[in-house]
Amino acid sequence: MLKTFSIGGIHPAENKLSAESAIQALPIPQMVSIPISQHIGAPATPIVKKGDEVKVGQLIAKSSGFVSANIHSSVSGTVFKVDDIMDASGFRRTSVIIKVDGDEWLEHIDRSEELVKEISASKEEIIKRVGDAGIVGLGGATFPAHVKLSVPPGKTAEVLIINAVECEPYLTSDHRIMLEKGDEVLVGTQILMKALEVNKAIIGIENNKPDAIAHLTKLAANYQGIEICPLKTQYPQGGEKQLIAATIKREVPSGALPIEVGAVVQNVGTAFAVYEAVQKNKPLIERVATITGKSLKNPSNWLFRIGTPVKDIIEAAGGMPEDTGKIVGGGPMMGKALSSIDVPLTKGSSGLLLLPREETARKATKACIRCGKCVSVCPMGLEPYLLMVCADKKDYERLEKDAVMDCIECGSCSFTCPANRPLLDYIRLGKGKVGQIMRARK
Amino acid sequence: MNTKVLVAPSPHVHSGDSIQKNMYGVVFAMLPALLFSFFYFGLGALVVTLTAVASCYLFEFLIQKYILKTEVSINDGSALITGILLAFNVPSNLPIWIIMIGALVAIGIGKMTFGGLGNNVFNPALVGRVFLLISFPVQMTSWPVSKGLTSGYIDVETGATPLAIIKEGLKSGQSLSSLMDKIPSNMDMFLGNMGGSMGEIAGAALVLGLIYMLIRKIITWHIPVAVIGSVAILTGILHMVDPEAYAGPVFHILTGGLLLGAIFMATDYVTSPMSNKGMIIYGVGIGVLTVVIRVFGAYPEGVSFAILIMNAFVPLINVYVKPKRFGEKRK
Numbered sequence: 001m002l003k004t005f006s007i008g009g010i011h012p013a014e015n016k017l018s019a020e021s022a023i024q025a026l027p028i029p030q031m032v033s034i035p036i037s038q039h040i041g042a043p044a045t046p047i048v049k050k051g052d053e054v055k056v057g058q059l060i061a062k063s064s065g066f067v068s069a070n071i072h073s074s075v076s077g078t079v080f081k082v083d084d085i086m087d088a089s090g091f092r093r094t095s096v097i098i099k100v101d102g103d104e105w106l107e108h109i110d111r112s113e114e115l116v117k118e119i120s121a122s123k124e125e126i127i128k129r130v131g132d133a134g135i136v137g138l139g140g141a142t143f144p145a146h147v148k149l150s151v152p153p154g155k156t157a158e159v160l161i162i163n164a165v166e167c168e169p170y171l172t173s174d175h176r177i178m179l180e181k182g183d184e185v186l187v188g189t190q191i192l193m194k195a196l197e198v199n200k201a202i203i204g205i206e207n208n209k210p211d212a213i214a215h216l217t218k219l220a221a222n223y224q225g226i227e228i229c230p231l232k233t234q235y236p237q238g239g240e241k242q243l244i245a246a247t248i249k250r251e252v253p254s255g256a257l258p259i260e261v262g263a264v265v266q267n268v269g270t271a272f273a274v275y276e277a278v279q280k281n282k283p284l285i286e287r288v289a290t291i292t293g294k295s296l297k298n299p300s301n302w303l304f305r306i307g308t309p310v311k312d313i314i315e316a317a318g319g320m321p322e323d324t325g326k327i328v329g330g331g332p333m334m335g336k337a338l339s340s341i342d343v344p345l346t347k348g349s350s351g352l353l354l355l356p357r358e359e360t361a362r363k364a365t366k367a368c369i370r371c372g373k374c375v376s377v378c379p380m381g382l383e384p385y386l387l388m389v390c391a392d393k394k395d396y397e398r399l400e401k402d403a404v405m406d407c408i409e410c411g412s413c414s415f416t417c418p419a420n421r422p423l424l425d426y427i428r429l430g431k432g433k434v435g436q437i438m439r440a441r442k
Numbered sequence: 001m002n003t004k005v006l007v008a009p010s011p012h013v014h015s016g017d018s019i020q021k022n023m024y025g026v027v028f029a030m031l032p033a034l035l036f037s038f039f040y041f042g043l044g045a046l047v048v049t050l051t052a053v054a055s056c057y058l059f060e061f062l063i064q065k066y067i068l069k070t071e072v073s074i075n076d077g078s079a080l081i082t083g084i085l086l087a088f089n090v091p092s093n094l095p096i097w098i099i100m101i102g103a104l105v106a107i108g109i110g111k112m113t114f115g116g117l118g119n120n121v122f123n124p125a126l127v128g129r130v131f132l133l134i135s136f137p138v139q140m141t142s143w144p145v146s147k148g149l150t151s152g153y154i155d156v157e158t159g160a161t162p163l164a165i166i167k168e169g170l171k172s173g174q175s176l177s178s179l180m181d182k183i184p185s186n187m188d189m190f191l192g193n194m195g196g197s198m199g200e201i202a203g204a205a206l207v208l209g210l211i212y213m214l215i216r217k218i219i220t221w222h223i224p225v226a227v228i229g230s231v232a233i234l235t236g237i238l239h240m241v242d243p244e245a246y247a248g249p250v251f252h253i254l255t256g257g258l259l260l261g262a263i264f265m266a267t268d269y270v271t272s273p274m275s276n277k278g279m280i281i282y283g284v285g286i287g288v289l290t291v292v293i294r295v296f297g298a299y300p301e302g303v304s305f306a307i308l309i310m311n312a313f314v315p316l317i318n319v320y321v322k323p324k325r326f327g328e329k330r331k
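Residue numbers (this note's numbering), protein chains in the order written: chain A, 1 to 442; chain B, 1 to 331.
Note that these hints are calculated values from the structure, not bench results. Keep in mind it's a predicted model, so treat the numbers as computed, not measured. Among the hints, erroneous ones may be present.
[What the hints assert, rightly or not] In silico DSS-like links for lysine-lysine, alpha-carbon gap of 30 angstroms or less:
#1 K336(A) - K171(B)
#2 K294(A) - K171(B)
#3 K433(A) - K322(B)
#4 K322(B) - K249(A)
#5 K232(A) - K69(B)
#6 K433(A) - K324(B)
#7 K182(B) - K171(B)
#8 K16(A) - K297(A)
#9 K69(B) - K393(A)
#10 K232(A) - K294(A)
#11 K249(A) - K3(A)
#12 K277(B) - K16(A)
#13 K55(A) - K81(A)
#14 K366(A) - K171(B)
#15 K194(A) - K218(A)
#16 K65(B) - K217(B)
#17 K232(A) - K4(B)
#18 K324(B) - K394(A)
[Unchecked claim] Far from chain A, some chain B residues (derived; all Cβ distances over 10 angstroms):
#19 V72
#20 T150
#21 P184
#22 M240
#23 S272
[Unchecked claim] Covered stretches of chain B, as calculated for chain A (at least 3 residues, CB under 8 angstroms):
#24 12-20
#25 254-266
Even glycine gets a Cβ: it sits at the ideal position worked out from N, Cα and C.
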């Protein structure tokens, strides 16, 4: 029996169209727009101005607090302007726009392919370098990585869990990283283990990637304390709490963080970025994203410079198909629909999905037939049908009592509902309001 | 690029499941039992089914179109299910006009007064059935004797159901072991060779439908297992206490409407609880009430009443029985 989480879950069509496509480097654009807020937490503070010359890897916006992240230039050239432009969220946010000139890197960055296994940095140095490099969770949540590595006083980390699940349909960037950068991922994992002072790491991978499981299992034999854990293909296996439940059979209490049960979770892409930052002095200026869709000519995986416009990666994959009805930043279950292809790709861009109109257009909502399927698929054990009604009736007291804040917004309920009810839309509204009320009470 | 794209919150894809798929899935699961009823009761079964289904469609259409003046949704399959279930729950020699009254009560009072599909508290087919049972007790309890495919409709020979034979026999002071000789063998009862309502007799066909619905994930195992399990345990205990006064679990499961009720009526989405825990409580409630009515009550059969009574408790169960939450603090 494969390990998995025990409550709820669904199995959407996997559609991993780009799994066989090796990572290629996307051409450097003529202009990049690098938002100063690509992470959860306070936006970084720009430290460059119009006309400044920058090199690849140079700091251009400084972290403005503990929960914040540095931003580096992903190209060399001249700062064209620092201005508000529309980002993937659809809002206008401050970005540093750089006109590209050549590809000149800062000298201390090691650009060789050579694997550096020896970890010379100390625990403190590792956390500092991870913070300096502006590394955030690359699974999509973009939570600053150094914050998770700084275990709060009174708590102890017992195990590091590497999230290599990639449970979102379509996306394959983590899959390719594991196949092509296996050793780097494992060294990155050991660096994270050292920073957390744990001697055990578990890499959780869904069993729809047997080649990645086999490859990493073979490599992991050379590394101390790393276990590869194949997991059942079940969405949302990559949800942080679900992954912890699946791998170490512990449930993170409602409202608490994983450290409460001795676990720290990092994405596999993050482990690779940590390797590059600590061993190669390379800040987070590029990452891998999947560009995919059933009508797309060439679903593929690309290493892109942060700030590259979305339209470039679409062009690289053969251009926008005629029938495109929705452009999703991320996967089909939790990704965000984009309103424009001129917005930049950022640290959190794990993929871009072009969905045909028929597939993504919502069907007419019918009356709830009380089948209870939303309740049975909810991985948090909530009652989505009830939360929707309470949110609609503005019964915030009951919403709070029925644990609306536990919702991880995985979308399993809306995906499953036979009456096409927009369950998650309403639950999000309710969550927003209840969150406000709870903060006001404090 | 000037393509207009949709911008909406996640999730961006849907399973493709729909109300129709589930409803017609249930209809497909009822086909074996329907075929068995044609096989045992011939013309009568055909007339009763067609009348019930056509009347349910007609009344739903008329009420939605002319009284509620809402969108007509007779294609969602729920009226078809109510029609077939109503037919399953009556004898195959029931006059057409009585069936039509049953359909009117089922759709009109059981479903539409509450606001249509999704809002009714009680199972519509059972509301119709119980209304008929109380209003036309003679016609509703004259069970035709199976004559196979060539069976006629109104003028057929009638006989008692095994449950009625046992109930009457025990009341008149006969011993259970002597009564057992008068009822069909277990295998005959499982295959449907006994008196009873059209759709309830063939246990084998009903179980086939259950397996289909479980595989297609239309329903979960919780309700059928809770109902049948609790009846088996309770009647098993009673039988062990006094084998001469109480029939055993096999008899109780195979006779009357227990399998039909547990598989197709207690599992009705709209009138059953939302959580797995709730479903088990509801199922056990139905099982216990059925046994109490059958063994200690005035009626020989109690499944319909048991389901309707438990239907009334569903809102209460939904409020007080919560699913197991992830990361719930253990007390």
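Status of each hint after checking the structure:
1. Among the hinted pairs, K336(A) with K171(B) is inconsistent with the structure: their alpha-carbon atoms are about 70 angstroms apart, more than 30 angstroms.
2. The suggested pairing of K294(A) with K171(B) is violated, with an alpha-carbon distance near 71 angstroms, which exceeds 30 angstroms.
3. For the given pair, K433(A) sits about 23 angstroms from K322(B) by alpha-carbon distance, which is consistent with the 30 angstroms threshold.
4. A distance of roughly 22 angstroms separates the Cα atoms of K322(B) and K249(A); the hinted pair therefore holds under the 30 angstroms criterion.
5. Taking the CA atoms of K232(A) and K69(B), the gap is near 49 angstroms; set against the 30 angstroms cutoff, the hint is violated.
6. Proximity of K433(A) to K324(B) is assessed by CA-CA distance (about 25 angstroms); at most 30 angstroms being required, the pair is judged to hold.
7. The straight-line distance between the Cα atoms of K182(B) and K171(B) is roughly 15 angstroms, inside the 30 angstroms bound, and the hint therefore holds.
8. Between K16(A) and K297(A), the direct Cα distance comes to roughly 14 angstroms. Compliance with the 30 angstroms bound is thereby established for this hinted pair.
9. Straight-line distance between C-alpha atoms of K69(B) and K393(A) comes to about 26 angstroms, which keeps the hinted pair within the 30 angstroms bound.
10. Between K232(A) and K294(A) the alpha-carbon distance is near 25 angstroms, which keeps this suggested pair within the 30 angstroms criterion.
11. A C-alpha spacing of about 9 angstroms is found between K249(A) and K3(A), which places the hinted pair at or below 30 angstroms, so the restraint holds.
12. Taken as a hint, the K277(B) and K16(A) pair is broken in the structure, with Cα atoms around 36 angstroms apart against an allowance of 30 angstroms.
13. Distance check on the hinted pair: K55(A) and K81(A) sit about 16 angstroms apart at the alpha-carbon level, within 30 angstroms; holds.
14. Proximity of K366(A) to K171(B) is assessed by CA-CA distance (about 51 angstroms); at most 30 angstroms being required, the pair is judged violated.
15. At most 30 angstroms may separate the alpha-carbon atoms for a hinted pair to count; K194(A) and K218(A) meet this at roughly 22 angstroms.
16. Proximity of K65(B) to K217(B) is assessed by CA-CA distance (about 33 angstroms); at most 30 angstroms being required, the pair is judged violated.
17. Pair hint K232(A) plus K4(B) does not hold up; C-alpha atoms about 38 angstroms apart against a cutoff of 30 angstroms.
18. A distance of roughly 25 angstroms separates the Cα atoms of K324(B) and K394(A); the hinted pair therefore holds under the 30 angstroms criterion.
19. Consistency note on V72(B): stated as away from chain A, and its beta-carbon is indeed over 10 angstroms from all of that chain's, at 14 angstroms minimum.
20. Residue-level check passed: T150(B) sits 40 angstroms from the nearest beta carbon of chain A, beyond 10 angstroms.
21. Residue placement check: P184(B) keeps its beta carbon more than 10 angstroms from all beta carbons of chain A (closest about 37 angstroms).
22. M240(B), annotated as away from the interface, keeps every beta carbon of chain A farther than 10 angstroms; the closest lies near 36 angstroms.
23. Chain A draws S272(B) into its interface by the beta-carbon criterion, the shortest separation being 8 angstroms against a cut-off of 10 angstroms.
24. Coverage of the region 12-20 of chain B by chain A holds in this model, with 7 residues showing a Cβ closer than 8 angstroms to a Cβ of that chain against a need of three.
25. As drawn, the region 254-266 of chain B meets chain A at 0 residues by the rule of a beta-carbon pair under 8 angstroms; below three, the given contact is violated.
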